[in-house]
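Generate the whole structure from the sequences, applying the supplied hints.
The residues making up each chain are set out below.
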Amino acid sequence: MWTALQRRFRDGSSSPREYGTAMSLGLVAPLLLLLLIAFVYPVGRLLWNSIFAPDATLVHYGRIIEEPLYLLVLWRTLEIAFVVTVLAFLLGYPVAYAMARMSGRRAMLVAACVLVPLWTSALVRSYAWIVILQRNGIVNDLLEEAGLIETPLRLLYTKGAVILAMTHVLLPFMILPIYSILRNIPDELAKAARNLGASAPQAFLRITLPLSLPGAAAGTLMTFILALGFYITPALVGGPRTLMMSTLMAQQTTELLDWPFAGALSAVLLASTLLLVVLYRRALSFNKGFKIG
Amino acid sequence: MTSVTGVVAALGLGLILFFLLFPTLIVVPMSVGTASHIEFPPRGITLRWYIEYFHDPDWMAATWFSLRVAIATTFSATLVGTLAAIALVRGRLPGKEFLQAFTLAPLVVPHIVIAVALYLTFAPLGLTGNLTGFVIAHTMLAVPYVVVTVSAALQRFDPALELAALNCGATRIQAFFYIVLPNILPGVAAGAVFAFLASFDEATVAFFISGIEGKTITRKMFEDIDFNLTPVIAAVSTVLTVLSLILMGMIEIARRRSGYGGPRR
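Those protein sequence lines, which keep their order, are chains A and B.
Note that the first sequence covers residues 637 to 929 in this note's numbering.
Note that the second sequence covers residues 3 to 267 in this note's numbering.
Calculated directly from the structure, the hints in this document are not laboratory data.
Backbone N, C-alpha and C fix where the C-beta goes; we use that ideal spot for every residue, glycine too.
A few of these clues could be false.
[Unchecked claim] Far from chain A by the CB rule (all over 12 Å, computed), these chain B residues: (1) F56; (2) L81; (3) N185; (4) A256.
[What the hints assert, rightly or not] Not everything, but these chain A residues come out facing chain B in the computed CB check (under 10 Å): (5) P678; (6) G728; (7) V746; (8) A758; (9) R761; (10) I766; (11) D777; (12) H804; (13) L864; (14) M881; (15) A886.
[Unchecked claim] Just so you have them, the derived chain B footprint on chain A, three or more residues with Cβ under 8 Å: (16) 730-738; (17) 847-861.
Pasting the structure below:
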């Protein structure tokens with residue numbers, strides 16, 4: 637740290653390994669300008685509007701809590717994000733484990749099953765869920781042909797549909813961080829535990845699982861953050877009947893033009909995202925003590 | 003492991019993989035079905051929906067608009083992102099750690115917040131529904147991907163090579179173009195592909211800042227899914243999916259060949 641400071645205060649000429657301050661600033665300047673114009677200023681203005689419109693007030697924040705509909709939306713968003721994260725963890729961990737422990741063709745096959753959805757647009761995948769779940773969709777057709785139902789079930793535009801589709805869309809974001817940690821945990825550790833008399837579940841629960849926690853933390857955080865603010869899937873599969881924070885924001889801006897309220901909702905979304913990122917960094921620094929190697 | 007638990011485990015894994023893959027690829031069989039409403043499995047096979055897509059002026063206008071936005075975004079994001087990555091990895095910068103985190107901020111902030119904010123700021127300036135507004139917005143969203151891939155490539159590059167070039171009499175500029183750039187090119191290329199897809203597949207911001215004239219393919223899909231759910235959407239989805247898979251497949255193959263960032267086994 638001290639040497640870095642000393643270096644910074646030395647003359648401005650650039651050393652061969654390090655570009656000088658003036659040149660470096662020139663190189664990042666276009667990016668900083670872009671971020672100011674297209675990110676900091678617009679988001680800042682949206683948040684500013686929620687408090688100073690035109691006088692300082694918290695009335696728009698109060699509305700989120702006071703009006704039962706908005707409180708319901710807030711609660712539903714948290715609930716859906718939580719359930720999606722839990723489901724994605726339960727489905728994703730075994731896949732990450734298989735990917736990390738398999739080899740050759742099998743590993744390639746599992747990896748392809750994870751990467752192909754990741755690379756496919758979320759819009760396309762949400763559309764697919766509409767086709768699967770709609771009134772004359774695949775699920776209803778199958779159930780009718782099997783004679784299990786007489787009239788089609790209403791599956792689309794329900795909370796269940798949003799949870800199902802979002803779990804599908806976000807699953808790769810859960811799998812990859814867990815995989816990248818599991819890949820670096822030598823299988824010999826679990827084998828050693830087995831040799832010392834542990835059963836296979838014991839070896840997994842007491843050796844592999846605890847060591848993979850940083851990956852699990854990264855995956856669950858990523859999934860939860862994305863689920864909180866996700867727009868495309870709730871908009872298409874949830875519809876106006878299953879409003880979440882994101883779809884409520886869209887409604888407030890495109891239909892009702894209520895910018896201050898949309899700003900207040902943005903602030904809540906942003907604050908929860910930042911809080912989670914900070915908590916996660918804490919959790920990771922705690923875990924550093926347990927790293928192997 | 004006993005064979006029974008082995009079979010159960012394989013079966014469970016198979017079911018999860020099916021859950022991952024089936025909704026992703028189902029648009030392909032749906033796009034070639036003969037019925038005018040979506041049916042699965044399709045009774046007959048036809049290319050009618052693709053022909054309709056390619057002959058519909060609205061779809062074509064949206065497709066060209068998306069392509070122009072994505073290509074312009076690719077160039078600007080690659081240029082801006084590469085320059086910034088060089089400074090962030092090799093430069094002497096005050097508050098470097100903060101700057102590194104700040105450049106990645108658009109990845110963490112929910113896209114709906116960015117979308118609504120851009121709509122609020124861009125609409126009065128006449129930047130909605132046109133190329134300029136879209137390129138600014140999409141470059142901002144795509145640039146973190148370039149910064150990440152190019153930074154990774156730069157960290158693997160040995161500065162001693164550049165030093166050698168300088169000792170042999172090359173100028174800084176020459177050393178960059180003859181030594182540094184060729185070495186980090188795989189990272190730059192990967193960043194460019196990510197930037198293209200980040201723009202072409204982007205739907206949330208595009209939904210908000212599209213206009214009646216300047217409308218992306220994703221916004222057009224959004225509208226048609228809401229108002230007339232025809233198999234043409236399945237055809238368009240298939241085109242999008244195939245394009246994404248080809249581009250990402252190229253990155254993956256290049257990565258494995260060059261050993262760049264790939265799984266170390």
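Hints versus structure:
no.	hint	in the structure
1	F56	18 Å, holds
2	L81	8 Å, violated
3	N185	15 Å, holds
4	A256	15 Å, holds
5	P678	4 Å, holds
6	G728	8 Å, holds
7	V746	7 Å, holds
8	A758	7 Å, holds
9	R761	6 Å, holds
10	I766	7 Å, holds
11	D777	7 Å, holds
12	H804	6 Å, holds
13	L864	7 Å, holds
14	M881	8 Å, holds
15	A886	7 Å, holds
16	730-738	holds (count 3)
17	847-861	violated (count 1)
In the structure shown, a violation is registered for the earlier hints numbered 2, 17, in ascending order.
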